[in-house]
Amino acid sequence: MIIEPWLVQTFCAAIFTIGLVGLLVRRNILIVLMCVELMLNAVNLSFAAFSEQHGDLGGQMAVFFIITVAAAESAVGLGLLIALFRTIRAVDTDEIRLLKE
Amino acid sequence: MAINPIAFFVFGGAALAFSMMVVLKKNPVASAFSLVMVFFCFAGIYASMNAHLIAILQILVYAGAIMVLFIFVIMLLNADEPTFDLRRTSNVVKAGAVAFGLAFVVMLAIVFKKSNIIPLNAGFSSEEVIKLGGNSKVLSQLMFSKYILPFELTSVLLLAAIVGAVAMAKRKTGKSS
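Line order of the protein sequences matches chains S and Y.
Using this note's numbering, read the first sequence as starting at 1 and increasing by one per residue.
Using this note's numbering, read the second sequence as starting at 1 and increasing by one per residue.
Here chain S stands alone, though its shape is the one from the complex (with noise of 0.2 angstroms):
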C-alpha cells in the first residue's frame, strides 16, 4: 500500500482546521496561541509533503523559516499575554475590553 499525496495534504487539512476551530471557540489566550501553533505545524508538514512530491527542497526550506519565524511569534505572543495579565488579571479573551469602559 502506498500513501497518495493527497491523503497527506488532507491530514494537513484536518490538523489546520482543528486549529482553526480551536482558534475561533476557545477563550483562553494560552489555549489561542498553542492553535496558532498547531495551525503553522499543519502548513509546515503540508510544504513537507509538497517538496517530497516534487523533488524541490525549497519547500523544506520554507518549514525551516516558519519554523523560526513559529519561535518568534510565540516569544512576542507570551510576552504581550504577560503584558495583558498584568493589566487585566486574567487570560481570557473576554475580559479584554479596555476600550469599551
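To be clear, the hints were calculated from the coordinates, so they are not data collected in a lab.
Heads up, the beta-carbon is just placed ideally off N, CA and C, and yes, glycines get one too.
Possibly wrong hints are sitting among the right ones.
Stated by the list, open to error - Cβ-to-Cβ under 8 angstroms is the rule here; a few derived chain S residues that face chain Y: (1) Ile3; (2) Phe64; (3) Ile66; (4) Leu81; (5) Glu95.
Use these hints to put chain Y onto chain S, whose structure you have.
Relative to chain S, chain Y alone:
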C-alpha cells in the same frame, strides 16, 4: 509518495487525537502536553518522508524551546479559571464549529483528490538527495547559497523578536528606573 504507510497512519492518527485534546482540554497544562505529543508525531512523519533535518528541528525548536516557553508562562501566570470557557459557549456555536470544520476538511479533501498535480521533479528527489550526500548536507548547502538572503533576514527578525518580547514582558518599575 515514499512514506511508510504504518508510520503515517500511526503518527497521523495520534496527531489528530492529540490535536483534538489541545482544543478540548480544560486545563492549559494538559493542552500544552497534548501539543508536545502532536509535535513529536509530526517529527515522526517528517522523518518517515526523508526530511531528517526538519524532523530534528521540529523536536529541538517546537518540543524543546516553544513548549518550555508555554509551560513557563502557564506556571508564571498561575491563573485560576473559575469556569471552563467551552462550557460558556452556546451549543449552537459548538455545533456550528464542528459542522464548519467537517465541511471545510471534506471540501479540501475533494479538491486535493480531484486536482491532478503533475510532479515537477526539480532535481532533488529522495534518491538524488541521497546521492548528493543526504538531506541535511544538501539542505545546509542550499541554505547558505540560494537562500542566504532570507536566512540573514531571519536573524534580524529573531533579534527584533527578542528585544520586543523583553520590552513587553518587562515589569514596569515606575519612575525610579
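Consistency of the hints with the structure:
The criterion of a C-beta within 8 angstroms of any C-beta in chain Y is met by isoleucine 3 (chain S), whose closest approach is roughly 5 angstroms, and the hint holds. Contact between phenylalanine 64 (chain S) and chain Y, as hinted, is supported at the beta carbon level, the nearest pair being about 7 angstroms apart and thus within 8 angstroms. With a least beta-carbon distance of about 10 angstroms to chain Y, the hint placing isoleucine 66 (chain S) at the interface is violated under the 8 angstroms criterion. Annotation: interface hint on leucine 81 (chain S) holds; nearest CB of chain Y at approximately 6 angstroms, less than 8 angstroms.
Interface restraint check for glutamate 95 (chain S): the shortest CB-CB distance to chain Y comes to about 11 angstroms, outside 8 angstroms, so the restraint is violated.
When the structure is compared with the earlier hints, violations turn up for hints 3 and 5 and for no others.
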